[in-house]
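If you read the sequences in order, they're chains A and B. Using the working numbering, you'd call the opening residue of the first sequence number 1 and step up by one each time. Using the working numbering, you'd call the opening residue of the second sequence number 380 and step up by one each time.
Note that these hints are calculated values from the structure, not bench results. Where a beta carbon is used, it is the ideal one built from N, C-alpha and C, also for glycine. Treat each hint with caution, since some may be false.
Restraint-style ranges between C-beta atoms, simulated for each label pair [what the hints assert, rightly or not]:
id: 1; chain 1: B; residue 1: GLN604; chain 2: A; residue 2: PRO362; range: 37 to 45 Å
id: 2; chain 1: A; residue 1: GLN181; chain 2: B; residue 2: ARG714; range: 51 to 59 Å
id: 3; chain 1: A; residue 1: ALA54; chain 2: B; residue 2: ALA709; range: 48 to 56 Å
2 protein chains.
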Amino acid sequence: MNILVLGAGQLARMMSLAGAPLNIGVLSYDVGSGQLLHPLTRHVFDQTLVQAIADSDAITAEFEHIPDEVLSQCEASGKFYPGKQAVKVGGDRALEKALLEQAGVPCAAYQLITERAHLDLAIAVLGFPLVIKTCQAGYDGKGQWRLYAEADVATVWAQVAAFLAADALHSIIAERMVPFQREVSVIGVRDRLGNIAIYPVTENEHVNGVLTLSLAKAIEGEIHQQAVEAFSRLASALDYIGVMAIEFFDVDGQLIVNEIAPRVHNSGHWTQQGTLCCQFENHLRAVAGLPLGSTEAIGPSAMINVLGQASIPAEVLSVANVTSHWYGKACRPGRKMGHINMVAGSEALLGEKLLALSAFLPGESYPGVAQRGGELMRE
Amino acid sequence: MNILVLGAGQLARMMSLAGAPLNIGVLSYDVGSGQLLHPLTRHVFDQTLVQAIADSDAITAEFEHIPDEVLSQCEASGKFYPGKQAVKVGGDRALEKALLEQAGVPCAAYQLITERAHLDLAIAVLGFPLVIKTCQAGYDGKGQWRLYAEADVATVWAQVAAFLAADALHSIIAERMVPFQREVSVIGVRDRLGNIAIYPVTENEHVNGVLTLSLAKAIEGEIHQQAVEAFSRLASALDYIGVMAIEFFDVDGQLIVNEIAPRVHNSGHWTQQGTLCCQFENHLRAVAGLPLGSTEAIGPSAMINVLGQASIPAEVLSVANVTSHWYGKACRPGRKMGHINMVAGSEALLGEKLLALSAFLPGESYPGVAQRGGELMRE
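Work the whole structure out from these sequences, hints included.
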């Protein structure tokens with residue numbers, strides 16, 4: 001079976017590695033260059049997108065920012081999962097908010113902004129502090145402004161107005177800043193028959209908007225139930241097929257959706273070591289029309305992102321049940337180069353593992369490892 | 380890091396899949412065609428063996444029947460693991476027997492045979508029944524004769540003599556046929572520092588000399604200890620680096636070595652699902668000079684070989700914690716096409732899984748699945 005992936009980054013690469021054992025070949029369409037290539041070897045094929053669509057048994061995407069005409073071309077083939085609507089929703093906060101409201105899933109109160117009057121309305125209705133975000137792009141913390149008080153409105157508006165003026169396609173949303181205790185996410189998968197499987201909820205740490213660390217501890221009954229409910233509602237509303245990630249703010253035990261990713265997600269990378277059927281395999285199973293695999297965790301798990309580092313000390317691999325996963329990319333400051341996965345028999349043992357790793361992973365490059373390790377051991 | 384593998388079959392392919400996450404690129408040397416190719420994509424590179432050896436950080440092998448001059452070329456590079464001697468031992472029963480005697484590891488009594496008088500000597504010293512095997516080739520049950528009584532000697536000798544005459548390199552060994560209760564194997568790994576890690580002993584079923592089913596049940600203390608002892612002695616004797624498999628006959632609780640494979644092995648494929656660091660990853664870790672991974676089992680595991688079947692029913696994947704692993708080969712009768720891996724929380728649950736799978740896997744193509752499932756449930 002051949003699956004065409006829109007996008008040629010690490011997510012497509014990991015799909016390729018998960019697909020080979022299932023007899024699923026993965027071909028990448030690099031949206032930037034327009035080339036068809038093997039996501040693992042980077043070998044470029046002399047093929048057009050039209051041919052690749054025709055030759056594929058199914059089509060999927062590893063990111064949201066894909067030209068509309070490409071999405072339409074794939075949609076027209078009748079074998080694009082999760083399909084154009086889901087990808088659009090994932091790439092546009094205004095569509096995402098509309099979906100959340102339609103599906104009855106809690107999210108932060110918001111206001112669309114295309115002119116100064118809308119910002120004033122947002123301040124009046126939502127109050128300070130506000131977070132102002134671009135609708136169409138800007139994941140990993142890019143394209144965001146925070147507005148804490150009336151005194152800053154003119155400065156922030158000048159930046160936002162310049163951003164809006166730069167491109168007719170730009171649009172902006174203002175959200176009430178949610179006073180959350182932590183950020184969590186859920187990775188779920190829905191197959192062609194509507195069956196759903198959900199991985200344990202993951203606790204995520206971000207620095208400057210970039211994920212640094214994920215923890216999948218024991219399942220928390222009530223939180224898990226809310227995440228399952230949100231996934232089920234959104235997946236049904238979109239008639240979704242494949243893996244979808246939902247990021248939440250945990251506000252006093254109430255999950256509020258931050259954003260939706262209609263794809264495999266960085267906060268689900270721990271499933272490669274922490275479960276027997278990782279998010280990449282389950283996504284391919286769903287998209288290929290195969291039965292879903294189990295989403296049960298082997299034990300408490302963690303993932304540490306390797307950001308802007310060309311290598312890690314070999315000692316990391318000497319800690320039992322720890323492995324690394326590299327993306328084969330050239331090193332640049334802050335770039336996601338790979339990640340470190342681990343699984344343990346208990347949360348305390350997971351804490352021990354993180355503490356052991358912190359001896360080899362300096363805190364300035366790997367924030368939170370020692371701290372979260374210590375917390376888990378004390379909990 | 381680049382690792383050159385002598386051989387371009389499924390074992391190299393699975394090494395490639397295990398290597399990519401560790402940032403280890405695997406290149407195959409196809410001994411038959413003399414081509415250098417990517418073991419997953421089969422893309423052929425315009426490169427010579429000399430260049431590939433120079434470009435590699437380490438060299439290893441996925442099978443034993445490699446021309447002497449190629450082995451010498453790799454050995455001369457100083458980066459060939461487990462090295463020429465180990466590969467030779469694995470490919471020649473006479474060398475293997477000599478090593479076993481030297482290392483003090485029990486094996487069946489034997490006699491080398493180059494002329495008729497040696498066969499008579501074997502009959503006199505070892506007695507009937509005898510199993511007669513080629514020394515240099517003939518795994519998977521090929522090139523073997525069984526001799527049960529004096530009346531059959533002339534017939535069998537005619538076949539053996541013809542075989543010896545066909546090629547000056549052919550040689551033959553006669554072994555006392557061991558009255559074993561079962562066949563087991565152990566997969567172990569030794570790193571460059573001499574550290575050793577051993578997977579749980581695996582029980583194997585063969586049909587016509589070809590592996591059909593492996594079971595890695597709970598660790599049996601005394602049997603495991605014997606397997607560890609044999610591995611340690613042989614690995615030390617060879618100053619072995621990498622994964623080595625040892626196949627044994629279990630004769631009333633006493634392990635007798637059947638043969639040694641100086642490489643990853645079919646009876647260790649269950650480790651892909653049944654452990655957190657499979658034999659392929661551990662082999663690469665050892666060969667690359669990285670710390671070894673844990674060889675602990677997640678739970679009782681099994682592997683079913685897919686022989687001469689182009690596909691399996693999709694329902695197989697509907698059984699929890701069951702997955703398939705395909706080799707991307709053209710289908711031919713009896714050919715190893717892939718395998719099915721599974722892991723369970725207990726031996727009884729593993730038995731249930733096998734029974735559930737037997738509903739989709741007909742007994743004539745997948746012998747022993749229903750029977751072993753039933754046995755595990757009753758044990």
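Each hint tested on the structure:
1. B:GLN604 to A:PRO362: 37 to 45 Å: Once the Cβ atoms are compared, 42 Å apart, the range 37 to 45 Å for PRO362 of chain A and GLN604 of chain B holds.
2. A:GLN181 to B:ARG714: 51 to 59 Å: At roughly 57 Å between Cβ atoms, ARG714 of chain B and GLN181 of chain A fall inside 51 to 59 Å, so the hint holds.
3. A:ALA54 to B:ALA709: 48 to 56 Å: Roughly 23 Å apart at Cβ, these two residues miss the hinted range, so it is violated.
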